Every structure is written in structure tokens, then in C-alpha cells.
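Enquirer: Please arrange chains V and B on chain G, whose structure you already have, making use of the hints.
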Amino acid sequence: MTLLQVDALSIATRAGAPLVDGLSFSLNAGERLGIIGESGSGKSLTSLAVCGLLPADLTATGSVHVGDLEVIGARESELIAIRGSRVGIVFQEPLTALDPLMRIGRQLAIVLRRFRGLRGAAIDDAALAALEEVHIRAPKRVLRAFPHEISGGERQRVAIALALASGPEILIADEPTTALDVTVQAEVLDLLDALVAERNMALLFITHDIAVVSRIADNVIVMRSGVEVERGTVRGIVHGAADAYTRDLIASAREFDDALAFGDIR
Amino acid sequence: MRRRIPHSLTAGTILVAVIVLLAVASWFWLPFPIDDMSGGRLEAPSWHHLFGTDKLGRDLFARSMIGARIALEAGFFASLIGGLVGVTLGLLAGFAQRWWDSIAASLLDSLIAFPTLLVAMLLVAAWSASLTTAIVAIGFAIATVIARVTRLLIKRVLNQDFILASRASGSSWPRIIVLHVLPNIWPTLLVALALQFGLASLSEASLSYLGLGTPPPNASWGSLLQEAQATVTTAPVGAIAPGLLLVALVVGTNLVADGLREYLDPTLRRQS
Amino acid sequence: MIELRGRSERFGERSDWLRRRLASLLASLAAASILLFLVVRLLPGDPANALLSAESTPEQIAAARRLVGSDVPLQQQFLHWLGQLGTLDFGESFISGLDVRAEIASRLAITVPLTLGGFVLALFVAVPVGYLAAARARSWLGVLIGNLSQFGIAIPVFWVGIVLTFVFALRLGWLPAGGFPLDGWSERGEAMRSLLLPVLTIAIVMSASLTRYVRSATLDVIGSDFIRTARAQGASYGRAMWQHGLRNAAAPVISVLGIELATTFIGAVVVEQVFALPGLGSLLVRAIAQHDYQVIQGVLFVSTLVVLCSGFVADLIQRLVDPRLAATRAGHAR
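Residue numbers (my numbering), protein chains in the order written: chain G, 47 to 312; chain V, 4 to 275; chain B, 18 to 351.
Treat the hints as calculated values from the structure; they're not laboratory data. Predicted model, so just to flag it, every value in this text is computed and none were measured. A couple of the hints might just be wrong.
[Said to hold, decoys possible] Incomplete in silico selection of chain G near chain B, CB under 10 Å:
#, residue
1, 71
2, 72
3, 97
4, 101
5, 123
6, 131
7, 133
8, 137
9, 138
10, 143
11, 144
12, 153
13, 164
14, 171
15, 174
16, 211
[What the hints assert, rightly or not] Examples of chain B residues toward chain G, derived with CB under 10 Å:
#, residue
17, 41
18, 116
19, 155
20, 243
21, 246
22, 260
23, 267
24, 338
[To be verified] Estimated spans, in silico, between C-beta atoms of each pair:
#, chain 1, residue 1, chain 2, residue 2, range
25, B, 240, G, 164, 44 to 52 Å
26, B, 240, G, 236, 29 to 37 Å
27, V, 130, B, 103, 22 to 30 Å
Using N, Cα and C, we set each Cβ at its ideal position, and we do this for glycine too.
For reference, chain G alone in the conformation it holds in the complex:
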């Protein structure tokens, strides 16, 4: 059974203006799909729609199957059952995605308690292990810290740890490196790469950056104004895009980004 099946997903505002129109794709274990587009292309909304976390003033139509649950129109209790356990999300801005008034350790503990049923000292050990898994130096101090007291790269690693702590089969990464420094971006990307591979998860990677997606995804869908414009393997798209818009995207990436390491394309 496919882990994630999206058919003709459309998202519109209350007034009827379409933000996403007729998007379809599927993901199995171990598969990695990238969705590329500029801001306003509707790509982030897609990730929210998969978990049923769309803002109340938007409506989704079509079909989104996570395992055997139809997300669109599902009851909140059904959605809660898949959030975290089946699907995990890493968001773009870790500073706002974490509770600013709660220590990291406690935020991890909440997830560990809920999904692994751990208590007491077992939680402390598990939290430590979770942070070590995302390569955080000095994990004990980070556990006791507040989000604003650690660096951006560490925060995003924490966010990744949080998302993975519940053991999801599908990981959605919504522009996870956009808010980070360029040097840190590469590290976090590699980390994601390794962790997803280790657990044989399905990965939905959303970004506006071709160079980034080329490092981590196998296939890619290009979106523009809510509509799919092209899809294919990363190699195929980068070397020979059929659509003009896609070609423009790639060309501008090539012009500005000397560090586009084509040798790393999967």
C-alpha cells in the first residue's frame, strides 16, 4: 500500500480563488519527492493539507490518502491519530516553530511520552539519544536550553529530532534549510538525507531552491501558481527541462549559484 497518495488535490480560499489546483502524486517507503516552486506557488499549503492542518479559511478538495485514511474531510480525532505517528513535518522557521517559553528537553519529552510511552528517567535517556542522533554537540545543555538560546542550525536539528521522535513513516520537510546559513544548510541536508535513508522513510521535500532539491530528492514536481508545470527525475529536469518556466528556474539557479554541485545529483 502506498504510504501517501494524493489525487487531484485542490485548495481554494473561501471566496473560491484557487491556491492549488489538481495536484497528484504518490509516495512509497524510501521514495523522495521534491516540490519546487516560488513563493505563492502553493507548495507549502500542500504539506499542510497532507496533515489536515490547513488554516480554517481554506478548503481542500480531491483526495489525500495517508495509509488508508482519507485526510480530506476526516474528523479531527482521526487526523490526530496519524499526525506524528504516520506523518511528521519539519517547518521552515525553527525559532517560531518551537515553544519559546519551554525548554527543549521538555518539548522533546512531550513527544516521547506521547508516542513511546516512556516515563521518568527513560525519557531523559531517550531525549539525549534523540539529540545525539541529529548530531547536536553538548546535548545535555541543549536539553536545558530555551529555543532562543541555541543557534539556528541547532534549532532546526531539534525540530528534526522532534519530528522523528514519533516514528513517522512519511517525513514532510517544508523549506527546512531556507532560514539557515549556507554552510549550515549543507550539514542539515546531509543529516536529513542520512536519517531518512536509515529509517527508509518517504520524504516530501518542499523548496524553492533547485540546488537544494537536487541534493536530496529523486523525483521532482515543479509548481507555479498552484498548478503542476512539470515533473520528472531530478537529473532529467536539470539537464533537459521541457517546460519554459522550469528552464528559467534552472537557468537562474545556474547563474547565481556557483556551488551547484551537479556531481551530487542523485
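Expert: Just chains V and B now, kept in the frame of chain G:
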């Protein structure tokens, strides 16, 4: 391109306009001279006396019209004083550096803690009770609020890159202030002043109610309410009407402030 | 990597801030005392004039000036004033001869319960109502509450008092229209009944503005990213709000509680006039009318003390609740 005018702005303007109309009209025409005590005492409202009469036989509607004038004067002049003094002080504080800056910051933050009425009572205790004293006192309180807002705004503006770019291209500070700083801060300041207008009218009414504002026989709404309180069972209109007018004025100015905020800053995600 | 601060470092910073904040409190108090002193003394005419008439003899004038203390130079008067403040000795009223401190203390026995009662009641109303207004922002309930609070902040507190008196005391006769039992708090029941309407009056007006703050803070939290993250991790909306939303919404509300408490205090001062309560407010108003400077100074000083202290306590609580403030020297919430 014209932006949509928010509902709050129109509604607020209408409310304020009604009060302004009453006030302006009071200059030219009053149904009865205010010291005319010919009406019976504490008469109920009639076509003759729209709000009835007070305990001395004076027409309440006429007195309320004067009250409108006083409330607007208080609001306007106190806001004017507060705005001018506050912006100047705020500008100075905003450009202050290092320890001048810390002093300014602590000073403004501690001044803000003092409620307007407390300050007003102090000044009234020092001088005599009059509309002018009330206006100056309230104006001073407004100035502290505006100064603090101005300082914060300026600090934020000065941090932005286009200021740096301006200086790099050789602009002098006065030029930068006029061309870049003021155009950026005036919308927020205007909204703040609109809010303070209503608060000023409320403060003047409170002072007059306590007998510390416009002295009798002047007809500030606050004084009218104070006089009417003793006879509220026999003549309730006297205790209700001036209050409603005051509420109308303050709700009006608050709506105008909200509407201005919406109109001037379309980047608002939601109403606050 | 940003240097993490351990527990002892955090404690050191906190006591550092505490010392600086206390110093600032004392400085503000000193500044307020100077201001009070100057404003009262810089009147046209001598304070002693309040005791004299047009036909006073030179001896009477001199005696009055000696009594008032205006026969010595201004600096000496100021030092005397500071010394008095230090021992909280406010002297005696020139008009009534009564000890000012005792007068103020007995008046505080009414004003303080009035203020605190009104404030706490307002909070009890504002927190759930503000939360509802935010959670149901788009429904009729949210809009209604929003408009009601808009209306509520525009109402003068004394007018609410008059209306309540009219309805509950005069028309319905359930509660006294004013006054306070002569024996004060020893008549517990009567005292409470006398304070009920005044407390209600204050609570109505203060709950309007507090509701707006709670609503705004809750709206911010509802739309926040960390609530979204919590829900993405399988928490229900309610659980997410309880575990994360509560504290985050409380922080900005606490930051304004100091000022709101000061405003409540002043509201109490006005309300005392409406209900003829023998509190600090009526003392002040009478003193101003009679030019009773000792009393005026004493009351204004105590009021200033209350205002500054409530600000200090609010800052302290805020600092304890929000760890981000420890990162800024001045401790101002951004």
C-alpha cells in the same frame, strides 16, 4: 489608487461629526441661553426641552451642547500639546546614544506608569481648577505616551538599511529625518493621537466630575453628570444623556483610530 | 554556538537585574518626591496663606509660616520633606490638625480592597471572555465580544457607577447607594455590601480593556507556528493550547498588568466619589479643594508609591515567566 475605506473609519467619523456638529452649533445657536433658569426644575424631556431641565431650571440640551464644545476642546488641545511635545521629546530620545539612551528609556517607561488622572490631580492641586489646567495636565500625560511611541518607532526606523543607504549617499540628518523618518512614523503616531483624543475627553470629564476641572457654571459633561447624580431617580435623563454623548465621542474616536490603522497599514493580517 | 548560560549564571543575571530594577524604583520614587515637592511649593503665594485671612496680624502670619515650615529656605524645606518621607511621616494637616499618616492608613483600608477586588474580578471575567473572543473570532460571539469591549473602554467609570446606583440601589433597593458603615470594617457584612456596587463598577470598566489584551494575546498564540507544530505532533488543539498556548499568551498580558493595576487604582479614586466612600480618593479631592497641602502631598506620595510598586512587581513576575527577557539588559519585552 484608492484603497477601500474601512467601515470603522466611516462609522467613527460619523459619530465624531455628530458631536462636532453639536459643539460648533453651540457657537451660533442655543435653544436657550445657558443661564436661563426659566424652565421648571428637573422637567422631563419634551419638545421644548429636548433633554429636560436641570435642578436650576436650565435647559440640559443647551448645556450638553456646551459640554460637547468643552469635550472637543479638551481632546483637541490636549492631543495637540501632547503630540507636539511628545514627538519632540521622542525624537530626541530616539536619536540618543549609549547612556543618554538608557536614561531616556527608563524615564519614559517609568513616566508611562502614572495614570493621566493622577498627574492631572497634581497639577490641579498646584494651580486652580480650570479647563486650561486640565488640558495642560492631560497634554503632559499624553506627551509621555507619544514620546515613548515615537522613540520606539524611531529606533526601529533608524535600524533599517535605507537609512544607512541614505547616509552613505551623503544626506544630512535633518534631511533624513524629514524625507525618511517622519514619513515612516507619522501613520502610527496619528493613530496613537486619535486614541489619546478620546482618552483626553474622558479624563477631562472625570476631572470635572470630581470638581477639579472646568468649574461651574460651565457645562462640561462631567459636571453635568455630577450635578445630575443627586437627582437621578427623579430626572434620569440628566444622568444618562451626557454620559451617552461622551461614550459616543470616545467610541467614535477609537473607531477612527482603528479605521486609520487599517487604512494606513494594509499589511495587517488581522484586526487587533 | 551561542554560549549557554547555566543555572548559576542565570541566577547571577537575575539578581543583577533585581538590583538595577530596585535602584530604578528608588530613583523614580526620589524623582516623584522632588516633583511633588516643587509643584506644591512653587505655587503663587505662600502655603501658609491657607491658614490665614486678610486681617491676620504679622505675628499670626509668622506663626503660620513657622507652622507650615515656609519660613526656612527652600533647600531646607526639601531636606525636611525627604526626612519625613523616609520615616513615612507626613506631618499633620494644617486644616484639620489630624495626623496625615493615620488618615491615609484608615482610608487605604477602603481603597485597597476596592482596587484589588475590582481588579481581580475584572481578571476573572476578562480571561475566559477574551479567550472566547479569540477562539471564536469569526463567529457572532467573537464579534460581539469585540464590539462590547470596544464600547467598554469608552465608558467613563463614574457614569457606570451612576447607572448601577440608579438600577440596583435606587430602583431595586438591593444595595446601598453609597456610604460606608461608621464603624468601618468591624461591621463586616455592611461593609461588604457597601463595596459591592463600587467593585462591580470598577470591574466592568477594567474588564473591557483587559479582555482586549487577553483576546489579542490569544489570537497571536492561536495563529502561532508553535501551536501548529504541536498539533503536527499529534496534540489536539485543546492540549496544544493548554501545554503551550497558556504560558505564551500570559506573557504579553502580564506585561501590561502593572499599568492596568495603576489605572484601576485611579478608577477606584474616582469611584469613591460616586459612592461617597471614605477612601483615599475623597480625601484627596477634599484636600485639593481646601488647599490642604500636607494631605495632598501625603496622598499623592502614597499613590505614586503604589503605582511604582505595582509596576515593579509586574516586571518581576514577567521576568520570571518569560525566559527571553533574561537575554536583554533592560528586560523589556519586545
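Enquirer: Confirm or reject each hint.
Expert: For each hint, the structure was consulted:
Residue-level restraint check for residue 71 of chain G is violated (minimum Cβ-Cβ distance to chain B is 20 Å; threshold 10 Å). Hint status for residue 72 of chain G relative to chain B: violated, with the closest Cβ pair at about 21 Å, above 10 Å. Hint status for residue 97 of chain G relative to chain B: holds, with the closest Cβ pair at about 6 Å, below 10 Å. For residue 101 of chain G, the interface hint holds, the least distance from its beta-carbon to any beta-carbon of chain B being 8 Å, beneath 10 Å.
Hint status for residue 123 of chain G relative to chain B: holds, with the closest Cβ pair at about 8 Å, below 10 Å. Interface hint at residue 131 of chain G: satisfied, since its Cβ lies 6 Å from the closest Cβ of chain B, which is below the 10 Å cut-off. Checking residue 133 of chain G against chain B by beta carbon gives a least distance of about 8 Å; that is within 10 Å, so the hint holds. Annotation: residue 137 of chain G was flagged as interfacial toward chain B, and the flag holds, the nearest CB pair being 6 Å apart, inside 10 Å.
Checking residue 138 of chain G against chain B: minimum C-beta separation of about 9 Å stays under 10 Å; hint holds. Given hint, residue 143 of chain G at the interface with chain B, holds; its Cβ is 5 Å from that chain's nearest Cβ, closer than 10 Å. Interface restraint check for residue 144 of chain G: the shortest CB-CB distance to chain B comes to about 6 Å, inside 10 Å, so the restraint holds. The closest approach between the C-beta of residue 153 of chain G and any C-beta of chain B is roughly 9 Å, which is under the 10 Å cut-off, so the hint is satisfied.
The restraint placing residue 164 of chain G at the interface with chain B is violated, with a minimum CB-CB distance near 15 Å, outside the 10 Å limit. With its C-beta approaching chain B no nearer than about 20 Å, residue 171 of chain G sits outside the 10 Å limit, and its interface hint is violated. For residue 174 of chain G, the interface hint is violated, since its Cβ never comes within 10 Å of a Cβ in chain B; the closest pair sits about 16 Å apart. With a least beta-carbon distance of about 8 Å to chain B, the hint placing residue 211 of chain G at the interface is held under the 10 Å criterion.
Interface restraint check for residue 41 of chain B: the shortest CB-CB distance to chain G comes to about 25 Å, outside 10 Å, so the restraint is violated. With a least beta-carbon distance of about 48 Å to chain G, the hint placing residue 116 of chain B at the interface is violated under the 10 Å criterion. Against a cut-off of 10 Å between C-beta atoms, the interface hint on residue 155 of chain B holds, since the closest Cβ of chain G lies about 8 Å away. Checking residue 243 of chain B against chain G by beta carbon gives a least distance of about 5 Å; that is within 10 Å, so the hint holds.
With a cut of 10 Å, the hint placing residue 246 of chain B at the interface with chain G holds, because the nearest CB-to-CB distance is about 5 Å. Contact between residue 260 of chain B and chain G, as hinted, is supported at the beta carbon level, the nearest pair being about 7 Å apart and thus within 10 Å. At its closest, the beta carbon of residue 267 of chain B sits 9 Å from a beta carbon of chain G; the interface hint therefore holds under the 10 Å criterion. At its closest, the beta carbon of residue 338 of chain B sits 7 Å from a beta carbon of chain G; the interface hint therefore holds under the 10 Å criterion.
For residue 240 of chain B and residue 164 of chain G, the hinted distance range of 44 to 52 Å is not satisfied, since their beta carbons lie about 32 Å from each other. Between residue 240 of chain B and residue 236 of chain G the beta carbon distance is about 33 Å. The supplied range of 29 to 37 Å therefore holds. A hinted range of 22 to 30 Å holds for the C-beta pair residue 130 of chain V and residue 103 of chain B, which are about 29 Å apart.
Of the numbered hints stated above, those contradicted by the structure are hints 1, 2, 13, 14, 15, 17, 18 and 25, listed in ascending order.
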